[in-house]
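Peer 1: Chains as they are written, first to last, in UniProt numbering: chain A, 1 to 332; chain B, 1 to 258; chain C, 1 to 357.
Careful, some of the hints might be misleading.
[As the list claims (entries may be wrong)] The following residues of chain B were derived to be distant from chain C, with all beta-carbon distances above 12 Å: (1) A82; (2) L185; (3) T225; (4) S245.
[Stated by the list, open to error] In silico contact screen, one side only, chain C against chain B (beta carbon under 10 Å); selected entries: (5) T13; (6) L14; (7) A16; (8) R17; (9) G72; (10) R73; (11) N127; (12) R165; (13) R167; (14) A170.
Read the hints as simulated data drawn from the structure, not as lab findings. Nothing here was measured: the structure is a model prediction, and the numbers come from that model. The beta-carbon is built from N, C-alpha and C at its ideal position, and this holds for glycine as well.
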Amino acid sequence: MSQQSLTTTPASPSGAGGGGALPRGSRFGAERAFRILATAAGSTVLVIIVAIAAFLIAKAIPSLRADSENFLTFKDWFANESPPTFGIAALAFGTVVTSALALIMAVPVALGIALCLTHYAHRRVASTLGFFIDLLAAVPSVVFGLWGRDYFRGPVSDLSTFLHDNFGWIPIFGSKGPYGASILLGSIVLAIMVLPIVTSLSREVFLQTPKHNEEAALALGATRWEMIRTAVLPYGKPGIIAAVMLGLGRALGETIALALTLGAVYNVSFDLLGISGNTIAANIALKFAEANPTGRSALIASGLVLFAITLVVNVTARAIVYRRREFLGGAA
Amino acid sequence: MAKRIEAVNVSAYYGAFRAIDNISMTIEPKSVTALIGPSGCGKSTFLRSINRMHEVLPGAKVEGQLLIDGQNIYDRDIDVTAVRRTIGMVFQRPNPFPTMSIYDNVVAGLRLNGVRKKSLLDAACEKALRGANLWNEVKDRLNRPGAGLSGGQQQRLCIARAIAVEPQVVLMDEPCSALDPISTLAIEDLIAELKNEYTIVIVTHNMQQAARVSDRTGFFSIDKTGEPGRLIEYDDTAKIFTNPSVKRTEDYITGRFG
Amino acid sequence: MSVASHSARSRVTLKARRLPGWAPAGVGAAAILIAALAVYLPGAGGPVLTSVVAALLFLVGLGALSTVVEGGRAARNRVATSLVYAAFVLALAPLLSVALTLVTKGSERLNGYFLGVSMKGVSAFDNKGGAYHAIIGTLEQAGIATLITVPLGVLGAVYIVEYGRGRLAALIRFFVDVMTGIPSIVAGLFILAFWVLVVSPMFNNGRPEYSGFAAALALSVLMLPTIVRSTEEMLRLVPGALREGAYALGIPKWKTITKIVLPTAAPGIVTGVMLAVARACGETAPVILVALGNPAINFNPFSGGQSSLSLYVYEQAGTASKYAPGRAWAAALTLVVLVLSLTVAAKLLARRNKLAR
């Protein structure tokens, strides 16, 4: 760092080539100021993350003190009453169930598309198709929510009837109706929304497979699918896990689409078809307008839980990515 | 366990660019044939068209006939995977599967072919590793990752992987160019042993290596950049290196032309 | 011993029995026909069920046929190929459906009147009102967020690429990535807890001030990591020789960065910013929490509630009026046109970017 300050002094008017001592670097020059500015800008990220935690905790404490039920195990949400009673149990359950279902539906499709883009489709076709997937990612979540609520509810209700008539003996399809704003609808919409991110991340992972390993598999007489199973998938495994976890992070935090498509019911039930389902994020959006100061604080408390969950998921996913990057860096 | 290869008017393309033009040559069974020539002369492209690996690259295609046992491997009803199983390949850079152990690397090809029985796989693994002169060095650590071996060992592991499926022909694309002299020597010794069972075609930049290991040598060259590569001369190695019949070969051998 | 060696003893068999080229198309046609008969004759369902049944029949049929003729390995390869392409169709179906619904339902109301008036004084029984106030809100909020984030994000990336060494830089890099995963509702809650409830009362006689500016702050939290990340990637693409050339001329480092490195990377940085802005325009959750919304036109982002296009869509979706859905779809179409034109422009710019390709 200290050598760099040597280069900071502007050329003296006498010009280069003059005799005498080299000009000395100043300690308070523009160089130093710029570096401090850049460092401060970079550190903002850390400051924001710490500030999020600090302010959410500070504003959540009043309601948590006032809550006359156990915040972690109580299922209902009467945060505006006095005394307030509210708990995160049903919301956390709904968040996890919808996200898990969405990933179960989205991940195989996303991996299929990523493989299609990297190893099946012709290059020019692949770039056009990839463009459409990127468009899917650009559509705002409120539009998916509106679509899910005004249009897609019909087909999903038909599907619910079909599932109940044919597979009603399975408890998750047990509901006799009416069908509509259900966990099934919410999680399908959510699946469509996390699809692009999982696709684009796993596409990058598949593209990184060393060409010479793919050729080694083909030269052994592997079919294209066998080549993918021998060379591409094992190599990409950590990357795929990270992509899925990042998709999970996105799903856990999705708000508006679920506020518009779930039933906003505070229950813990594995019934997928009936009017049901709620998540932490959707509940915040739905309850905010009517919240009094304690209610607002209670919503902040639930947001704190969401923040903690997504932070854990994201840190884990990124840690996997970073470890893999170091591992590959060392090998290359 | 070795087959004759006949190339008849083989041309190969990358998109519209013709990389090699009208190559015809006969490669004898149980012999080592070296392909030499300056960079970009198409010798690797020709090698890759012998087991249909050339067409793996986007836009690449091959014209002409390549006969093995009288069958043209470019015929429509030919199974590409069977061709590649019959004609194994070793690449320039050692490329063991990084996620697999030494053992799994060697038997990867057999597993693809549906061999599941542990005893068969064990036997084949030992045979292939002995064949590649690697058994004594790795027999105590078969379950360690293949990527943990030295460069020369990795290349011999790749040779073991290629011969484990018992091919007829083994193609080697500059197998020593990424290795140190001692590892190179080990591979060259191995090639001399392998020719008792296999037909071997090796592309090399190193003329001393071609002279040391091969029985027959083909010299490829190009007129200038952008022109397709051609087979200039193909003869017994001894003749090529002592008394070539074409002036251009002589210029290349004696270093008057890079 | 192995399958390969048995056949190898005598004569290599390289020939394989293969299905003719038209076989997949034939199986497909048969599958559709059978599925249509099976679904429509008993009246069990419509086109959706037919396509699902047809797809399953196709997979099973092709797999079975290929197993018999070509053997298990080739059959698995064919089924895998079909599944991979099926995944694609499956993903494009909702995209098409959303696009169609948007255009048909959205275009009903989308006209100059809708874009030119607000919702002030519009009751549930009135077939009027528009999204002018919401468009103003979106533009102001996204604009302010861009003004805040671009300098911060670009400088942050400069730190990571040009100055960052050791622990701090690694930590910042890591948490930039983690920050991209922060849910938008959490960003909204953070600005609520920090700006609206703690800072803004200091300027507003002790009462919290919900405003468009607060929404812009929340959007900044969401945009910052994206911009840092994309700028960082672009800076890394600037050849090191360019920097060294400048240093060798005696140009100080900070001038090299501002006069040479950043201008070289500028097209790529602009692309990244445009993509981040496009995403921010579509965010709803933070706006609900800190700008509250406002049926009237409010040009002042620092005082009083403000709407935005995405918030307007959400509000209209929840309004009990037979005219509300029409307004919601018209606003959604406006929003998507805005977001997609930004996105497409950014992608086109990226394609012309010489640095990246």
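Peer 1: Does each hint fit the structure? Answer for all of them.
Peer 2: Hints and how they fare:
With 12 Å as the threshold on Cβ separation, the claim that B/A82 sits away from chain C is violated: the shortest Cβ distance comes to roughly 5 Å. The Cβ of B/L185 sits about 30 Å from the closest Cβ of chain C, beyond the 12 Å cut-off, so the non-interface label holds. Non-interface call for B/T225 relative to chain C: holds, since the shortest CB-CB distance, roughly 24 Å, exceeds 12 Å. At roughly 34 Å from the closest C-beta of chain C, the C-beta of B/S245 stays outside 12 Å, upholding its exclusion from the interface.
At a threshold of 10 Å, the smallest CB-CB gap from C/T13 to chain B is about 7 Å, leaving the interface hint in force. The beta carbon of C/L14 comes within 5 Å of a beta carbon in chain B, closer than 10 Å, and the hint placing it at the interface holds. Hint status for C/A16 relative to chain B: holds, with the closest Cβ pair at about 3 Å, below 10 Å. At a threshold of 10 Å, the smallest CB-CB gap from C/R17 to chain B is about 8 Å, leaving the interface hint in force.
At a threshold of 10 Å, the smallest CB-CB gap from C/G72 to chain B is about 8 Å, leaving the interface hint in force. About 7 Å separates the beta-carbon of C/R73 from the nearest beta-carbon of chain B, less than 10 Å, and the hint is met. At about 57 Å, the closest approach between the beta carbon of C/N127 and any beta carbon in chain B exceeds 10 Å, and the interface hint on this residue is violated. With its C-beta approaching chain B no nearer than about 30 Å, C/R165 sits outside the 10 Å limit, and its interface hint is violated.
Because the beta carbon of C/R167 sits about 30 Å from the nearest beta carbon in chain B, more than 10 Å, this interface hint is broken. Here the hint on C/A170 is broken, as its CB sits about 25 Å from the closest CB of chain B, past 10 Å.
Checked against the numbered hints given earlier, this structure breaks hints 1, 11, 12, 13 and 14; the rest are met.
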